[in-house]
Structure formats: structure tokens, C-alpha cells
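Enquirer: Given next are the chains, with one letter for each unit.
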Amino acid sequence: MRYATPASAKEAAGLLSKETGAAFLLAGGTDLLVKLKMGMVEPDLVVDIKRIPKIDEIQTSAKGFTIGAAVSGSVIGEHKALKAAWPGVVEAANLIGSDQIQGRATLAGNLCNASPAADSVPAMIAAGAKAVIVGPQKKRTVAVEKVVLGPGQTCLTKGEVIEAITLPKPEPRTGDAYLRFIPRTEMDIAVVGVAISLKLERGVVKKAKVVLGAVAPTAVVVAAGAKALVGSKLDDAALDKLAAACSAACNPINDKRGTVEYRTRVAGVLAKRAAKIAFPRAGGAL
Amino acid sequence: MNGTMRVSLSSTFQLTDGPGSTVEVQAETIAEMMASLTDRYPSFQQLLDRGVAVSIDGQIFRDDWTQPIPSGAEVFLIPRIEGG
Amino acid sequence: MGHDQKYVDKKYEVVGERFNRPDGIDKVTGKARYGADASAPGQLVGRVLRSPHAHAQILKINTAKAEKLPGVKSVVTFEDMPDLTGGDQGLADILENCMARGRALYDGHAVAAVAAVDEQTAAQALKLIDVKYKKLPHVTDVDEAMLESAPVIHDRIMTRGVEPAPTKPSNIAARTQMGYGDVDAGFAEADVIIEKTYKTEQTHQGYIEPHACLASVNPDGTAELWVTTQGHFVFRNVCASLLGLDIAKLKVTSSEIGGGFGGKTHVWGEPVALALSRKANRPVKLVMGRDEVFRGTGPTSSTSIDVKMGAKKDGTITAAVAELRYQGGAFPGNWAMLACMTAFACYDIKNNKSIGWDVVVNRPKVAAYRAPSAPMAAFAVESTIDVLAKEIGMKPIDVRLKNVAREGTVAPYGPTYGPIGIEHTLKAVKDHPHMRAKLKKNQGRGVACGFWFNIGGQTCTDLNIGVDGTVNLTLGTVDVGGSRSSMAMIAAEELGIPYEQVRANIADTTSLGHNDMTEGSRGTFSSGMATVFAARDAIGVLKERAAKMWGVPVDDVVWENGQAVATGKGHGNLPPLSLKEIAAKSGRTGGPIAGHNEVVADGAGMGFASHICDVEVDPETGRSTIVRYTVVQDAGKAINPDYVEGQFQGGATQGIGWALNEEYIYGDDGRLQNPGFLDYRIPVCSDLPFIDTTILEVPNPLHPYGVRGVGETSIVPPLAAVGNAIANAAGVRMTHAPMSPPRVLAAIDERDNAG
Amino acid sequence: MSNATLVSTTVNGDPVQFACPTDESLMTALRNRVGLTGVKEGCGTGDCGACSVTLDGSLVCSCLVLGVEAEGREVTTVEGLSEGGELHLLQQKFIDHAALQCGICTPGFLVAAKSLLDRNPNPDETEIRYALAGNLCRCTGYDKIVHAVQAAAKEMRGKDKRSKKGR
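Residue numbers (this note's numbering), protein chains in the order written: chain B, -7 to 278; chain U, 317 to 400; chain C, 577 to 1331; chain Y, 211 to 377.
Don't read these hints as lab results, they were simulated from the structure. Among these hints, one or two may not hold up.
To be verified - Here are some of the chain C residues that sit facing chain U, going by a computed Cβ distance under 10 Å:
#: 1; residue: G666
#: 2; residue: T752
#: 3; residue: Q806
#: 4; residue: G984
#: 5; residue: Y989
#: 6; residue: T992
#: 7; residue: Y993
Model, not experiment: these values are computed from the prediction. Quick reminder that beta carbons are idealized off the backbone N, C-alpha and C, glycines included.
This is chain B alone, in the form it adopts within the complex:
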């Protein structure tokens, strides 16, 4: 296995595109090193992007935030402006593993690992996040919800690298939240995850985005769930509709972490709870 530490995203893309063997990108390494340990991958080349200048920084601009691909969860958790703007995204990022994992795990890595249960992905989608993808030739920006194609599969072509995740500056009276269900209080993979982002107008939901994790091969945007909330002040009828829409949108599997029935049922429960957290964050009165 060769180990490279390129000085730019473009150089990283070049290394990956030229490699004829198995090549992997290393950011936080919290997924890659597990796969190495378990013998699930045998890389010929590992490209460590952490030495790329500024890739471990969060840039703030008038448009929003640019979160470098090597920014760890603990750095995200300490970023006051980001936390104020997108508390749901920060919550989701901070739910990925223990403090030890937080010291390494990244949003871009969580996205590229393409696990159906990734915590940050539904939250990023609900917040309208985009991935800045650098290839050997050109750069492109893709909405996060378009990045993951299936378990372990992304839209990245050979040589492409996610350089950063961008989050827009939230519109006024916007609030988001992410909740997941795990059997313990920590150290588990989500059995169900729900991210909700709401925009209010005069105390009423004007726009909503509802995204589920761990209930289908990829994160699921639940349009019917959003529709249930729009025009409401989060009354019980709207919440019940939301829950029903979320449960209906589930297409989960039975596995060691949960059953189809359980995931379907709890998706609705969590959706209600997440909405009730996002609503006051957007300035609404429950």
C-alpha cells in the first residue's frame, strides 16, 4: 500500500485517477481503517487529504458556510456561527460516534461512505447542503441528495474528490433538527434518523423539508411529510399526517439493528419529535 499526502484537491484527484489498483481517499479514516482492519479492503494507494491547506477549516461568507472535507465533528461542534445557523446539521454531525470518533470523522467522509444509516446525510439534505467535487479536470457542485446512489455507491467518478461541503446561509425564520433512534445512548448506528428543516411565515410553516435515514437504501426525502406541515402551526393533525407520511415512505430491511415494522413505526414517532424541535428554532410558538 502506498500512502500519499497531496498538497491540493486537484493533485489528490490526479493521483486517484492515475491509480490502476485499488485507491482510497483518507480523511477522518473512521470508516476506512475499520474496513482495513476487517480485511474488507486492500488498498494499493491511500490518498490522505489532511495535508491540503485549509481543508480542515470552516469558511464563512455572505452566502453561507464552506466546510472543508477534513473538518472533524468536534471542530464543527465548536463553531458557534454554524451551530446557530444549522443546529440540526451540527447535531447530526456530533452524533457520529464517541468523542474519539468526533476527533476524526468528517461530513464529507460520512457522505462518501454512503451508508444508508449515515447521520449527517439527512440533515445536510434537509439544510440544502452541496458537495464541492474536484476532479482531475474540472470542479462541479452537486446537491448532497444526489451524491449517494445506493449503499456504498456515490456519483463520484474515478478520480473525483469531495473538497468541501457547502451550507447556504439560512433564510430568516428557518429552523432545523435531526433526531435518530439508537438502542443505547451512544456508540450505535442509527436504526432510524429523521431530519427536518422548516421555514415559517407569521408563525405558520411556509416551507418544509423532511428527510429520513436508515429506512431505505439511501436517505429519503419525504415530500408528503413536508406537505403535511406546510400551512400548519404544527397542530396534532399536521403532526399525525407527517408521521403517517414518514412511515409510508419507509422501505427498510430487517437486520441486526432493527426490523421493518420497528423502523417504519419509529420513523413517524421521530419525525413528530424532530418537527417539534425545529419549529421553535424557526421562531414558532408551540
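Dock chains U, C and Y against the given chain B, drawing on the hints supplied.
Expert: Relative to the frame of chain B, chains U, C and Y by itself:
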């Protein structure tokens, strides 16, 4: 002291060709009791090989076969216990 | 019997205080050396190849390619570990479990092993071993394995304990029956009868340190083994038998041990490491990965249990029957038998019967796990008692007190109890402020009792006094949870010197006589007993030396407060001689001063506990949170209360993990789905509240200090305590452990749908 | 077979060089090449925290870091907690409160607890419990560990006011 006593056997130790649930033997120590039982019931040896403990008046002895058995004592043969 | 009764009421100077452990500094600084922390010149890395199939015939193992890989020094299969067990089926099972012989009996069963110059080469070599399997039908569920239609795992297994003796093999290794009285008559007397069926899933001890050893065998048959174990003397004997070595020529050193809980009472990789080393003529270090620990070492049984209990309206339990089905993994065990012995042991039930079925399945060979077999039986019995109490309109604690076993009660396994502490623990629970604390919405409280035996066993201890008066205490029982501090305290107590003057060490197998495993809560009980006697032996020598120094008859010397005092007529004005003063002159009064003791520490007491658990259930997700927990247990005498509390808290937490989330999950293919700490969910720090403890001391009259073992009982009550709390919080009676969120939510739904 | 790479790094304040295969974890490199066996392997997959170290001040599982990633970085292990022949207060409190039984998880807990107190000198019980959730202990039920961390935090806060002790 004639050393005749009544030994109760847990069901695990009851053999088709062996004693019933209680048996009378002459013995003053655990070792003598065991010898007497194996003399009378040859298949008893298999049970000893699998592990036996002796309860004398409610106290369990697993290993020390020199232990004297007081006359009139309540004696039970029970399976040997493993622990964690 | 016949121990010094006066110690039961003795006033202690050292015992009962909270002293720091002697190995503390090494363990907080990283200096302590565990199983994987030793190295030897020229050592190789050992790795094991494991079966990916639940049950398969091994048609062929081709190791030629692996052997040719540069850097590979030895490859072994069962052919390198010939069967020397001479008809001892127990040993033969151990050998076959260490290395498959013609058949892989479970997912994770070792089939070959390599030793190579480094990790990478060893991993590469494993891939080059070509094993041809023919898959066979498998069964992993205990109830399914008992069916006539189940694939039979061993043709040699004919059920023991049934009449007439079976003529066909089956997966049922043995039937055991215990109890007394007439249960039919007892049920006829009952006003209320409750019958329920329970299931518990398989759990693992989950020690954080994986199995690890460093083995070195010389061509002349001398050998050394450094290993993390609960009993290095037993490991020595077993490994010597399996490998054909002389016991005295195999030196086994127990490393610091990173948790055992019963799982390190059995050999797994050690004989393989020795075989690899013998073939390579180099030291071999074999360290398991976490997945190997889960797949390839011994968890506890999964079970299926029926309980039927009847009671009169006044709470008297008139009859109780349990039928307990326990799987022992791929080899027969006595696990259901142990369950029979413990199921009703907390109670005085005139008519009781327990029937146990020991069953084999295609899972790893079950090992002891802290009070083995008792927690599952207690889950069933203690849950049923709560149901019974509700049915007759009594408080569950009052039903328990009404039927509690006491001194003089006949135990379900036959003998009559001596002084035991179960009633004391129940009364302490009843009076505990926890029982009166207010509960919030969705919260409920449960109580449950538990019993486990203590065992004694062979023990040997040395006590050597240096010329400066400091004392080396040399022990042969592995220190799993802090026992060195307790042993040093006992030596200090006996000798009448400060704790700091005693240093306790664990000897290797060449430096001390045989010691049995640290298992069955015996460490402090039995080594403590040997330490008392070794110290008294040394005191005898000290008195002789003092007599010599004074020139008085030894009968005129007594030992008081750490010094020799002359008591005879005319010696009144002799100043006492301290241990230090006598030790300083030892070279001129007869040589080194030592005490020694070999003992079969029989007469161990019984361990009883009662627990209180408050749980909050989220009715929409089925998730249970432990909000408060109290352990009340009889310790006989707590030598070092810090470590007694630690055993109570640790055992309770393991039980809570089992109650809520821990389980082996097998796929339809018979493969373990969750061999890692991510999905085998042991409790994490944020899952728990502080665990309150109350230590009761009902002395065990057969120990010089009244000690009872405390290591195991605390894992017995939690499953039922949690289940009873959930029943009171959510109104659903859980009969399947772990009571994980999906199971609890399904139970809530079922109740709601039933209207 | 992986290429070995020479890594120059700082471990517990000292300059250290080691050569390790590129696919070797920092945990294995620290244990086998630097000789710091206080870094424990409980799982190798980031689930138990026994191999916790800090990397440039950030708490990580060293099993989830490649050895080669340590080039030019600063690593602190349990062996680096005590200074000048004196135990770190957390180490002393773990002993005083009997916060260890088998002790295999103890190095990881100490590194994680120090990392917590460096960031938050006055954590409440819940904060302590969540900060230590990445460290598994199978012996203690965590009770005495949390008490030890609380006691150390309290004393360190007191000492910070009076003297420079209590890092």
C-alpha cells in the same frame, strides 16, 4: 462409632444399575464413602469422573475427601459446580 | 470445619478499610503488562483461520501455498495436534474446540493456524490456506435443536438421565431433575396458578481484553506460556495434557488480566499457540481480534424456560415447577443442571421441581459467565413471582419475604442451608429509601432476588518476611478484580502490621503449588483463607525466633499487635520484639522467616442479593432507561469494601446490559451477525446512573473472617429486576430477554391492539 | 506486503522516529515500535476506546489512525500523563476511588477524561458520562470512574486557583 450413614443422591447421580435416591454406607470420611459407593456400584466411577461435590450438613465440599463425616450428618452428593 | 470462630466477631485493624490496590500505579500509568504486552526474542505472530460455516465437513485442508510464503514459519491443523486425551471425553472436546477435527461445528471454529514473522505475512498466509468444505445442515436455536427433525450434531450423544436410555443420538445431552415434595398436591392447594414461557438470548462476557498469549516450546519439551487467564495452573495442566508435555516443564505465567467473568477459565488459542511454537521452534504470540473473541470463544447459553408457580391468597407458594432448556454450544455442558440448582434457591417452597435439558447447537462452546446459568432461571422465576403477586393482590416484596429461604430451609438441590443472607437483603430492600422514592410518568420499579454458589478449591500461598520486616505474599489465584489488596490486608491483619508493609504478588506455576482457577467467586474466599493460615504459620516461626532471642521457652511467647510478647513468669520486664526486630536478626536465629499454607478451601458460603431497579420506558419507541438502581448483597465479611462494591456494581451492569440490549444475533445461515462492540451492545457510561450499593455481612461460619464470595451473584437479579420495572412502567410483561426497544414496543402494541 | 515508511513524530513530548508499514495503525505502531503498551487494543475498530490517545491535542482512537499519519504531529498516550515522577491527579483519583478493576480500559479512560477536563474543567455528571461513552468498561459499571473524574475535576479547579498544579 459404627459410621453407618445415609447418603442422599441428587437425581443426576441416580443410576439404573446403582443406588436409588438414598443409600446407606459405612464411612467416616468422604473418601471412605466414595470408595464404598464405587465398590457397590461400579458405574458410580463415571459419575465421579464427571465431577461430584459433597454437602455435609449444608456445607459443600468439592475437593477435600479427607473431610470427616460426623455421625448423624445430612450428606448429599450433588454435581460439581463451575463458576464464572 | 473447625475454623477459629472468634474471628467472626473479631475487631479488625486493617480488614474492612478501603486501601488502595498494590497494582494501581502500574495500571494507571500503562506499565501493567497484560496478555498482549509481552514479547520474546525472535517471536512470531500467530493467526487462526476460522470456519465461515455454521456446520460443515472439512474435506481437505491444503496448507502448501501458505507454507511456501516467505516469512511463514509454521502452519498447523488438527494433524499437528494429535489426540492424546486417552478416552477423556471432556479433554477431547476441549481439543476439538481448539482446532476442528474433520468438521467445523460453528461459525468461527478454528480450522488452521499460522505463525509468521509479522502481522502482514501471517494475514497473507491465512488467505493462502485452501479449505474445502461440504456444508451440513445446522441448528442454532435451543428449542429447534431438541426437535426430532433437527440435524444431529454428534452421533455419540445419547441423552443421559432419561429412562429407558435412548437408542438414537440426539442434540439433547442430558436431562436433570431436582426438587422435592409433591408438586401436583401443591398446585391443588393453590388459589392462583401462573404459567409462563421465557426466552433469553446468548450473551458474551465481553471482557475488554481479547485472549492473548505468548508461547514458547523448546525441542526438549520444556515450554513457557505467558497468558491472560483466570487460572494459570489449570491452563498448565490442560495444555500439558493436550500437547503431551510434562506439567513441571511447562511454566505458565499469568499476565495482568483484562477481565474474565468466566470466559478466561477455558483454553481456546493457547494450545494452538504452543503447537505453532513447537513446530516453528520459535516463540509465538497469538492475540485474538474482537471478532474472534465473539465468534470463537465461549459465551453463555441461550435458553427457553417454562415456569409454573402456584400460591395461596396469603402469598404462600405451594408449588413451583421449572423446565429449563439451555444450549451449551457445539459441545455438551452442565448448564441446565446448574440452572436447576439455582432456579428456586432463594425460596422455601415445599413442593418444587426443576427439569433441565442440556442441548448442543451449532454455536461456540459455552463457557462459564458470572454465576453461569443462574441469571436466566432467575429472570423466569422472579418475573413469575411478580405476576403471581399481582394476581393475588400482594406486594411482590411481601410475597418474596413470605416464602424466603432461611437457615434450615432445604435447598432445591438437596442440602439444608446454614446461615444465609437472602432474608436480610430483602428486609434491607424493603426498608431502603429507594423503595419510597417517587416515580415520574412512564417510570416503574422492580425488585428481584438472586442466588449463586461460592466455591473453594485448591489453594497454596507463601508468605516470606524480608530482613527489613517487609512481607512478600505470594499467591497463586489470579487477581481479576483487585484481590491482591484484600490478600495483603488479610496478611497485615494477621501479622498485626500496616498494610503498606505487605506486598502481594501472583506467582508463576514454577514458583508455587497448584492453585485452582479464580472462578466461582473463590479468589478472596480461598486465597484469603490460605493467607490467614500462612500468616499464622509465619507467626509460629516469629514466636520461636523471639523465644530464641530472649532465651525463653516458646510457650511463654504470644503474638500481639505485630510483636512478640513474653508472658511467662519472670519475663515481665522483657520489652516486646517487633516483627521488624525479629526479622533483622533472622539470619542468626535460624534463617529466613516464612509461612506457608496448602489448603482445599472447602466450606464456601452462599451468595444472595436483592436488587431494586427504576426504569423509564418511552411508550412510543419501546426504549428503556435505567433511572435508579440499588444492589443489596450479603458479603459475609467485606475485606475491602471498595472492591466489594465494585463487584456489585459491575455485575449489576452486566445484568442490565443483558436485560436491555446484549444478544448474539444469528442469521439464517447460522453465522453470527454482530461479532463486535458496535452491534453487540454492552452498556456505555451514559446509559447508566450511579449504582447504589448496600453491603450486608452475615458471616460464613466456615471462613476465619466469615467471608463469602461476592463476584458473581450481582449479575443474577438484574434481568428480572429490569423486567419487573418495565412491567410496572409500561404495563407489559416481557418474557424475552434482552428486552430491547423493538421487543418492548411490540409488546406495547400487542397490548393496545388487544384493547 | 506494505511499504515501510519512516515516521518522525513527537510522542509524550519526546522526538520519536519509527518505520512502519503504511497500512499499520498508530495503535500498533505505538505498541510494537515505540514500546508504549499502555495503549491497549480492545477491538481495533474504534468501538471501545482502550487505545485512546491525543493527536495534536484531539482525542482519537489510535486504532483508527494510520501510523504514517503521525508524521510531524504530537501524540500523547497514558504514559505521558504523569510528569516529574508524580501521578496526574486523575491517575491518583482513579486509584483512590477504586475506579479500576481489571484495569485494561483504564489508560483509555484517563486519556479521555484528561481531554474532557482540558476542554471543560467543570463538567456535570451527564457531561462526564457522555464524554466517556466512547470508552467501554466491563468491570466497574462506570460508577467509581465517574466519581473519580468528578473528584479530580473538583480538586483541579481548587488547585488552579492556588497553584499551577493540576494540569
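Enquirer: If you take the shortest Cβ to Cβ gap from G666/C to chain U, is it below 10 Å?
Expert: Since the shortest Cβ distance to chain U is 8 Å, the answer is holds.
Enquirer: Min Cβ distance, Y989/C to chain U: is it shorter than 10 Å?
Expert: Result: holds, 5 Å to nearest chain U Cβ.
Enquirer: Report holds or violated for the interface hint on T992/C, using the least CB-CB distance to chain U and a cut-off of 10 Å.
Expert: holds, 5 Å
Enquirer: Grab the minimum C-beta distance from G984/C to chain U and call the hint holds if it beats 10 Å, violated otherwise.
Expert: holds, 9 Å
Enquirer: Closer than 10 Å between Cβ atoms is the bar; does T752/C clear it against chain U? Give me holds or violated.
Expert: T752/C check passes; min Cβ-Cβ to chain U is 5 Å, inside 10 Å.
Enquirer: Does Y993/C pass the interface check with chain U, least Cβ-Cβ distance below 10 Å?
Expert: Since chain U brings a Cβ to about 5 Å from Y993/C, closer than 10 Å, the hint holds.
Enquirer: Hint Q806/C vs chain U: min CB-CB distance below 10 Å?
Expert: holds, 9 Å
Violation of the numbered hints given earlier is absent; every hint is satisfied by the structure.
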